[in-house]
Every structure is written in C-alpha cells, then in structure tokens.
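Chemist: Chain residues, written in single-letter form:
Number of protein chains: 2
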Amino acid sequence: MKGIVYKADKDMQVETVPDAAIENPRDAVIRVTKAAICGSDLHIYNHGEAFGFCDGDRCGHEFVGVVEEVGAEVSGLSVGDKVLSPFWISCGECHFCAKGLQTSCVNGGPYGFAPFWAHGGEIQGGQSEYVRVPHATGTLDVIPESLADSASDTKTLPLTDVFGTGYHAAVCGDIQPGDTVYVIGDGAVGLSAAHAATLFEPENIIVAGHHDDRLAIAETMGATHTINTSRDDAAELLAGLTEGRGPQAVLATISSPETMAFAAEQIEPGKSVAWVGMEVFLGAPEIPWDKAFFKNVGVKGGVAPVKSYLPTLWPLLEGGKIDPSPVLTHDMSMDEAATGYEVMASRQKGSVKVAITP
Amino acid sequence: MKGIVYKADKDMQVETVPDAAIENPRDAVIRVTKAAICGSDLHIYNHGEAFGFCDGDRCGHEFVGVVEEVGAEVSGLSVGDKVLSPFWISCGECHFCAKGLQTSCVNGGPYGFAPFWAHGGEIQGGQSEYVRVPHATGTLDVIPESLADSASDTKTLPLTDVFGTGYHAAVCGDIQPGDTVYVIGDGAVGLSAAHAATLFEPENIIVAGHHDDRLAIAETMGATHTINTSRDDAAELLAGLTEGRGPQAVLATISSPETMAFAAEQIEPGKSVAWVGMEVFLGAPEIPWDKAFFKNVGVKGGVAPVKSYLPTLWPLLEGGKIDPSPVLTHDMSMDEAATGYEVMASRQKGSVKVAITP
Chain A
17 MKGIVYKADK
27 DMQVETVPDA
37 AIENPRDAVI
47 RVTKAAICGS
57 DLHIYNHGEA
67 FGFCDGDRCG
77 HEFVGVVEEV
87 GAEVSGLSVG
97 DKVLSPFWIS
107 CGECHFCAKG
117 LQTSCVNGGP
127 YGFAPFWAHG
137 GEIQGGQSEY
147 VRVPHATGTL
157 DVIPESLADS
167 ASDTKTLPLT
177 DVFGTGYHAA
187 VCGDIQPGDT
197 VYVIGDGAVG
207 LSAAHAATLF
217 EPENIIVAGH
227 HDDRLAIAET
237 MGATHTINTS
247 RDDAAELLAG
257 LTEGRGPQAV
267 LATISSPETM
277 AFAAEQIEPG
287 KSVAWVGMEV
297 FLGAPEIPWD
307 KAFFKNVGVK
317 GGVAPVKSYL
327 PTLWPLLEGG
337 KIDPSPVLTH
347 DMSMDEAATG
357 YEVMASRQKG
367 SVKVAITP
Chain B
17 MKGIVYKADK
27 DMQVETVPDA
37 AIENPRDAVI
47 RVTKAAICGS
57 DLHIYNHGEA
67 FGFCDGDRCG
77 HEFVGVVEEV
87 GAEVSGLSVG
97 DKVLSPFWIS
107 CGECHFCAKG
117 LQTSCVNGGP
127 YGFAPFWAHG
137 GEIQGGQSEY
147 VRVPHATGTL
157 DVIPESLADS
167 ASDTKTLPLT
177 DVFGTGYHAA
187 VCGDIQPGDT
197 VYVIGDGAVG
207 LSAAHAATLF
217 EPENIIVAGH
227 HDDRLAIAET
237 MGATHTINTS
247 RDDAAELLAG
257 LTEGRGPQAV
267 LATISSPETM
277 AFAAEQIEPG
287 KSVAWVGMEV
297 FLGAPEIPWD
307 KAFFKNVGVK
317 GGVAPVKSYL
327 PTLWPLLEGG
337 KIDPSPVLTH
347 DMSMDEAATG
357 YEVMASRQKG
367 SVKVAITP
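In the order they appear, the protein sequences are chains A and B.
Last residue of the first sequence: number 374 in the numbering used here, and the count goes up by one each step with no gaps.
Last residue of the second sequence: number 374 in the numbering used here, and the count goes up by one each step with no gaps.
The shape of chain A in the complex, shown without the other chains (with noise of 0.2 Å):
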C-alpha cells in the first residue's frame, strides 16, 4: 500500500509500505478515507532530523475511514462502519482514559510520532491508505450515520486534530458569556479556536495573525474581529474593546515565547491564557512573572483530549452548530502528497491546511 514517509528534513514522499494488518487481538484496520497534514507535521517536515526521524519513518495522524477489520478482542466496532481517530490513541481503561484525559493513557500515544514520543515502539502513520489502530476500541469512535457519507470528510476530518485542539484551548480559556477573546495565530488550529469560541457565546472574538487571506476564513468562522499584527497593534484593538482591562481569554494557539509573554501581559487579571501550540519545544514561554503574580493570571493547555470531546461534538455537527471545514484550503491525491507538505510549509497564499484523499 501506498503511505508518506520521511526521507529527510524538507523531503517528504509516498513510498510503497507494508500492508497495514492486525498484529494485536485489540486492532483495527481503517481503510482510510481522506487524511490531512498538519502543522506538527511541518515540525517534522522542516526539523524532522533534530526530532529524531530516519529515512523512511511513516507520517500523518489525521485521517477518517472505514472499518476494514477488526481483533477478536474489539467490541463496538464492525467492518464497514465509518470511523474517526483521534490523533491519540488511548486504551479506553486506564486511569487516565476514565478521567477523560486521553492523551496521557498508559497504553497510548501519538500516530505518526514513532522515533521520539510513541510508547512502546513505531505506530503506523496515519497518511496512508490503511492504518493499523491499537487499542481500537477505545481509540476509534463510530462517526455518526448524518455524517458518514464521504462527502462529510472534510467536515469530520478537522476533529481529529485541529477543531480538537481549537476546542481544547476554548476550554481551557474558560470563555464565559459576553467575554473578549483574543486568539493568537491564523492556521487551522487558531482559526478552529475561534470557531471553537463561538459555542460560549463571547461577545468579541479576535483572531490575530500575519495573513490576510486567512483572517478573511476567520471573519467567516466566527471571528469578529481580526488583525494584522505586522501592520496593527493589538493592544490598543484589546484596550478598547474591554476599558482597559485585557481579553477574559487569551487562547495561545501559537505558544511562542513572544506570544505566551504578549498573552499573560494583555489578559484580564484572575484568568489563565490557554495555549496548545508545540512552539513550547523550540523555547520557553517568556511570561512576566511579576506581572502574572501580581495579576493572577495562569496558564492551562497542552495536547488536546480530543476523544473526550467527541461526544460533545458529534451533535453540534450534525446539527450544523459548527463546520470546520473552511479550514481545509486544499484537497490533493496520495501521490500529490509531496506537493502539500511544500504548499503548506511555503504558506502558498491562500493555503491553510490540505487534504489528501487516497
């Protein structure tokens, strides 16, 4: 089959690689359906070698599909239900998985992540055209029957990771009705985070960034204001919108050290900023201590759980409350594959995030 692996940094292919198969009773085959690269994916794309990538290792942890088999020791899933993986996999046992928090089960791990952070040992990429799931039954949940037509792909598609992630960060900022929202960053994850915003019903949601084609996909997901911090001062837009006092929620979907330090800085004392970017490895968060002493302010974030926000999820797109599709700019073929990694690393104009229909 065929699946895109890593050759080197800024070289990415689709090569030929084993079959996926059940090598476990909990396993599943998905015959994947469409997938999509991500901007952790552009991590590895651009400094895959300084994370620890070989020649060869698979990529991708977002994709949707359909059952193809199962383990004899997989219950609720059958072959020909249509399926999305959270980009975790999670056993569904631990104590972790009861609390809801997915993302540390004792007995998952990420797709696509197999030479630095997968526990025990490579799990197969999820750009590919079948995808061995451990732990299926707790990884996989069953997509509903209104959007399991594949049509719906690209609705679906985005809680894997980046509506998932957008919505984690909503929570953790603990929007409250009628707040100010500033969100940092204009990609698929900040511009989901907006979207994500709208279900707590703010009374201003922001989205800053440095592209003007993707602030005009935030003004129709939900932002309601939007600016260009190459051009504009956003603290002056934050002043003014809230008598001085800064945003209630600052949902830090890039976590540079700048970033995290503009966000403790600007948010209204007593809240925490919410942050879910990965720019954390590259540097610390330069947040003024004093200030946040002084301020009460704190931050909460990480890797979003997004299997436990499916169920929350699930009626909300079915009932058309949210539609994170505009942030999929791009649909592309397996063997185009090469070419999205280099639209969306470039940021070709008009690229958020692309598709990759098998």
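Since the hints were derived computationally from the structure, they do not count as laboratory data.
Just so you know, not all the hints are guaranteed correct.
Which copy is meant is left open, so a pair is good if it fits within one copy or across any two.
[To be verified] Below, computed lysine-lysine pairings styled on DSS-like, alpha-carbon distance capped at 30 Å:
id: 1; residue 1: K18; residue 2: K115
id: 2; residue 1: K115; residue 2: K307
id: 3; residue 1: K115; residue 2: K171
id: 4; residue 1: K307; residue 2: K23
id: 5; residue 1: K26; residue 2: K171
id: 6; residue 1: K26; residue 2: K307
Remember, it's a predicted structure, so these values are computed and weren't measured experimentally.
Keeping the supplied structure of chain A fixed, place chain B upon it in accordance with the hints.
Modeler: What follows is chain B alone, placed relative to chain A:
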C-alpha cells in the same frame, strides 16, 4: 507614635513616625493590637535597596486592631470594632473587587511596600501603633465577637496574609477528596497551606522543607507526612503514595525556578501547580514545558485575595475547624522588632514567624 521603618538592608528600626490620621473621608484609623513580620518583609530586610526602599520607608502589612476613628464616608464600621485588615487595600466597588479579586483593585494596593508597588503613593506600614487604612469600608472586616478578645489575636492575625495565602494555594490547587497534596515549603505559608488543605479532605498531605523543627509543627497542623528534602527523596515518596502517577495537587509556597520545575515534573497529568511564592521575582520558574504540554499541566496562583476568603474562613475559625496560630512562634514588643527581624531572617532554631505587640 512608634513604627518600624527600613533604614538600610539588614537594618530595620523602631522610630517615631507621624501619627496616623484621617486624610480622606474613606479612611479609618486603627489602633494595632497585634502585628506580624512576614516572609515578604524579609525580602525587604535582605534586599530592600534593590526593591527601591529608602531610609525611613514604613514596613509591615499584617495587623489586627481596634477602630479608633472613621472618616465621614466610611460605612459598616464603628469606633471600637475589632477589625482585621488583609494585606491589600481594596475599594470594594471596582470591577475586580466585585469579582472577589481584591488584589487587582484599581484603587488599592499593599501596605508597607510604598517605593515600588503601592498604587497612588505611599501607604503606611502595618508594623506601627496606629495605621491609617484607606478605603476602610472595602478593606477591613469586622472580627466576629467570639474572636474579638486580644487572646484571640494570634488566631486571627495569620488570616491577614499567611493563612489567607495558604488557603489561596489550596484553592488554586483544586484539591479533591482523597487526593495526595504535596506542599513545598515549611515556612509560615507552607504550614498554613497544609492546614488549609485539610479543609478539602485529601488523603495525604506531605509537607517538604529543610527544617525539622518546622516540619514537626506541620504535623500538628495537618500534615500526614513530612520530608526533609536535604536528606530524603521526595520523588520516591510521592511515587509510592500515588501509584507512580504523582500528587493531584502541588502547593508551591516556595516558587523558585527549581521548586516550580519539580512541581511540574511531579504533579499528576491534567492538574495545575498552585503557586503563591514571591521567588518568581528572583528567577523564572524552570518549568519543563515539553512535559507540561503532553501532561496538560498548568500553573495557577499569585497574590492572595484574602478579603474574598474571609466570609468562608471566619466560621471555620469560630468553629475550631482551623487554628493557624502555631505559625506564630514568637511574640515581641514593638521595641524588640529589630530583634524580631533578625530572629526570622536567621531562621533561628524554632522560629517560624514573629508577632509584634505594640
């Protein structure tokens, strides 16, 4: 009248200072019956010049006393009332006072820190015979009748700051029944945090410090375990008590780069490290952000809004559910206050906190 003033680093003295008087119709004048020296006063004692303190600056922010005089616009207080003042002056009327975050009051500020963080000019120090209290209606709480005698001063006085701060740590730590709570620090706030933690019915309360005499006091205040980390391995103890998952709450009453790093490393995934220590002014927490990301570990805390906790704490103190007085190991006259600072700063055996009786 007499008051304690900063003269130079390591030199606090009792001097004659201007009599406290009504300067604003919202002021009250309090006759102090008991004051105390705080760990944060020791930061001034040791490094006052670096903080901008000058010869003659007034000190202290912990006191209880009797209303001597009230301004024309003060309500809810009468001459003769026994009152407690949180260490932070608050107007009681602004956005943040209404929310119970009186430490962010737009009209308030702390006592005894005039040179560098008081709002709106110098505010008198609480270590004196009388104190002018601005915004008296918002700031002061009348002490319940059963605790209004001078013999109860050692019970009520810690609520002004150290017990209120320990309680804030326990609240920020989100302690649930059955939890294991790890308290970092065996100073007055650490002991108070352990004592406050008992109110939330955890299974284990471990107090970690470097002073066996203080750890012995911790055991009388609710600690189920103590550990002298200059001798013993806290990580091993915590793993043993939590099946290797880590404590559900960590109350970092010492918030140094190292203690915050240890807290974030040890705490169970999905929880936030509670922090209330001013050590962040001396160095940023060295939180392992990569681990925090995957563990969904946050941080929450800061300066304690004591005023908002008093309605909860008064009945607990009256009913004997809490008794924070063991943190006051010494009681001295105003004239001995310079010695009191030396006793506390040198961590003389058996000393935790020094009360001052004018």
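Chemist: Confirm or reject each hint.
Modeler: Now the hints, each set against the structure:
1. In the homo-oligomer, the alpha carbons of K18 and K115 never lie at most 30 Å apart, since the shortest distance is 37 Å inside one protomer and 57 Å across protomers.
2. Taking CA atoms no more than 30 Å apart as the test, K115 paired with K307 passes between copies only; the shortest distance there is 19 Å, against 33 Å inside one copy.
3. Proximity of K115 and K171 under a CA criterion of 30 Å is satisfied intra-copy only: 27 Å inside one chain copy versus 39 Å between copies.
4. Proximity of K307 to K23 under the C-alpha cut-off of 30 Å is restricted to the inter-copy arrangement: shortest distance 27 Å between copies versus 45 Å within a copy.
5. Taking identical chains as interchangeable, the C-alpha atoms of K26 and K171 lie at most 30 Å apart only when both belong to the same chain, with a minimum of 29 Å there against 66 Å between chains.
6. Only between protomers do K26 and K307 lie at most 30 Å apart by alpha-carbon distance; the minimum there is 27 Å, versus 40 Å within a single protomer.
Checked against the numbered hints above, the structure violates only hint 1.
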